[in-house]
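Two chains, each in its own frame: build the complex with the hints.
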Amino acid sequence: MKNEAIKELLYKMADDQLVLGHRNSEWNGLGPILEEDIAFSSMAQDKIGQSLEFYSILNEMGEKDPDTIAFTRKADKFKCCQYVEHPIGEYDFSLVRHFFFDYADYHRFELLKNSKVERIAMAAKKFQSESKYHIMHANAWMKQLGNSDVSIERMQNCLNEGIALALGIFEPSPMENVLIEEGVFEGEKKLSERWLSSIQSILSKTELSMPDISTAPINGGRQGKHTPHLQPLLDEMSEVFSIDPEAEW
Amino acid sequence: MYGGGNSFEDVYDKELKHEDPEQLAEFEARIERGEKIESTDWMPELYRTQLIRMIEQHAHSEIIGSLPEGTWITRAPGFKRKLALMAKVQDEVGHAQLLYAAAETLGKSREDMITDLINGKSKYSNIFNYPAFTWADSCFISWLVDAGAIVNQIANSKGSYAPYCRALERICAEEAFHLKYGHHCVIHLATGSPVQRQMMQEAVNRWWKPMVHFFGPPDKDSVHTRILMKWKVKMASNDECRNQFFDMYVPKIWELGLEIPDPNLKKDPETGIWNYSDPDWSEFKRVINGDGPCNKERLAVRRIAEERGLWVRQALKSPKATYTTPLA
Ligand SMILES: [Fe+2]
Ligand SMILES: [Fe+2]
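Those sequence lines, one after another, are chains A and B. The opening position of the first sequence corresponds to residue 1 in our numbering, with each subsequent residue numbered one higher. The opening position of the second sequence corresponds to residue 1001 in our numbering, with each subsequent residue numbered one higher.
Next up, chain B with everything else stripped away, as it sits in the complex (with noise of 0.2 Å):
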């Protein structure tokens, strides 16, 4: 995980007005080529604040992200799943550190932005706003919410801005052994005991819902983001990524004996498209703005660390303090 359900602005072509037409139309020219954009090249403001807004909002999901499942890893059954998925979270905590380094080339500090995840300013994944009750729900998220996060990562990492595709490499690599880990918890879930495929049953009934919710609003809902389309900053549709999502994975879990609470989830063998029921948008709408089962735990658990956290990151600022190299 755990990118992925990026929420975009609505971008409107009057706010480039104040840029130099020459240089705006040589920026797109090379993305059009298929060039790489760098730090230190030329940028519109827009593609800037659009791209740390990204980046940021990809970063937060993975340090909030870690959470839920965090609760399970001392709750692991058994040495072999608590020592993955004490790598697994780890991981992910990890592609925070290479995501806030990548939006920092950006201009935005990780401090700025941890305090604007604080704030509430800056949004994160929505689906983390759901509780994880169960194991069974810890493992829903390693297996399918890690899925979900790697066809956006996939389609993110062939973007324009070269800091963030070469940290989505990175992540994409090790996004894999979840996937690996999350199905294995699964399917052993899924075919044990009756208490045990219940629990993955009743998981599943939990989280479809958020999970269709994951891939952001139908596209017909967001039609304001083509500008950030043409630059290649928002790479693939929101109805792209959720049908891709539906394709591989949809058949895998009815493989498993789990029923997907919704009657018609259906592919059309004509057009390819998966139909589903409306999943409440209005719930979607709710919890991004803050209004969710577990908002305010999340983002309170993240202040509370950041306060008592406050002294050491003094005392790493005292000029007396002795400077030692870096490990690794």
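Looking at chain A on its own, in the form it has when it is part of the complex (with noise of 0.2 Å):
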């Protein structure tokens, strides 16, 4: 029970970085300034290598080895929240999403810390590291942008319109009172309890309003419902690896 319980946790969350690092990947060439080609490249580096060693865990607990799990599951076994399947759209909605997404991360590392399973807490501590510069990063845009006059208006849309799939990160998973109970995770609620005052604190320093957070949550990625967006993305993913999937590349 315990052991499923981890598994759980951990394939939801290398679910999320596997595809948000690749969506993130996707602004190569095609940022507004260079500079934010190479942010968001090493953004996505640090997650596609998150969900690696998150798959690695897993492969070590006894599933399949982490090639073999992240380029040939099908989208209905995904266990990614639906906001990071969404495709890029326009700078402001992946800013807002990298916004949202990362201080969800970076306090979910913060509570992982404190772990009772020593694997995880350890990678949790060192993944926190890099996240801070993920958040670090969105607040300078936050603040740029949420303080211009020619891009309030986009950047308050995107909140507006992202919030319900900001809250979807939290949807909780089906076996997480056991990892509260273990000492593992304290769970969802107290974790978008502190993501919700970190993102009003930034917020309150632009002239852009919190978006409504009583708005309905968009479910369902925990438990392998998803856009129609996913399955596309993971065909291209293995596209390549598809064609030999024993092969050496």
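Quick caveat, the hints were computed from the structure, so don't treat them as lab data. Please note that a few of the clues may not be correct.
What the hints assert, rightly or not - Under 7 Å between C-beta atoms, here's a sample of chain B residues computed to sit facing chain A:
1) Leu1067
2) Pro1077
3) Trp1311
4) Ala1315
5) Ser1318
Said to hold, decoys possible - Calculated pairs, DSS-like style, for lysine-lysine (alpha carbon to alpha carbon, straight line, at most 27 Å):
6) A:Lys77 x B:Lys1080
7) B:Lys1080 x A:Lys126
8) B:Lys1158 x B:Lys1220
Glycine is no exception: its CB is placed at the ideal position from the N, C-alpha and C atoms.
And the structure:
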């Protein structure tokens, strides 16, 4: 029971990082300035590296090897939240997603640093030090674009439209109670409270207003229910790998 | 990658007529002695414009070059390749950033350079006007196009303009990793399953001709760059670079059991010069003048990115935006 719950936690974190890392990497060649191509690539590399580590822990727990897990599963086996699957859209959409998601990441790692599962606590400690730079990047841009007349309206729209998806990050997974009881992870509710106060504090330094957090979250991702965007992303990701999954590439 | 394959303009002595002969002589003496020129030093107008032209071309090649490989980031087979390719392409964009900064020291802004790229006014390496159809194409680029660029860049790093040389030193250090990554990928394909081997061979077939073009037309057809060579703007002749590339990489390609689609490719043991078939220089001219398989697509991507990002750049200029210190 406990092991199954831990696996569920690892899968959802790994899938989030893999899919968002993949999306972030799509900014190559398309950023509004070169520096943003580079920044999104950095964050993408961190996220894909983090997903690899989580899949490796899963592998140690008896699951298949990381490449097989990542490159051969169908969408309905993925446990990522729906927010990460959406196409990169315009820069404002990607930036707001990065702001919302990476604050959740940062606090998730903060909580997991105290996990009773040593292996997860160690990974969380390392990843939080990476995540720190991601939120610094998000803060810098939210303050820039949230205070400039040219961009305030665009950013506000993205916050308003993104909030339901962002709240879906915190969809509790079916076995969460076991995790809380066993001291593995303190749970999505606690995480979302910390997240909310960070989001509020950054937005208060801008001319943007807090989106309506009583909006119903867009859930489903944690149970394998996804948008039509995920399967094509996975097909593209495995396009070469699936030519011969046994081959060394 | 991806510098190299620079195309130079014909340059004639008469363009120097309006320069002060004493200053010009002193400038040339400095270069002759092996001194480097800094942005604040006196330089002939022609030196400035030709350097801007060359460094700008190099910078454009880095960002345009990141497009055909970039397509394969989202398709790279397995974590190891995906992570390495992301890092590699990120380096290339970083090279563009460094090079635009080096060119800006000569008085042209990054924005103006990018505008000229989109207008088709300034050039970039011809080879990126060809499509990367398969994963093996991206591996060919990472190994051999980067290898060709390194030959060029190492030569250029000994040139006379100090800011460009400093940028190239950093760039060359990173290129060493690109080459290793690309070579590793090609080895896996060339020694892999029949499907992988075929995929790699087809990539070599497709890319060989543009690769020969990469170093530019034969020296006998590009004679008017004498002044640029004297000023150490152009550091090695096209034929020298091409020959060095053949020398270093043709044996490595053959070693992997791959065939090169040129029956005449052979080294003359007496002269050390490689003979090769005429790679259709009219195609090279056609492509560099805008009529290649991907010219329009490459520039369209760049143009769309500029248009879509315009509001961000405007917002950054807004007086109300608070300045945040860069992270690093
Ligand atoms: Fe490069
Ligand atoms: Fe490179």
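Check each numbered hint against the structure and report the violated ones by number, ascending.
-> Checked against the structure, no hint fails, so every one of them is satisfied.
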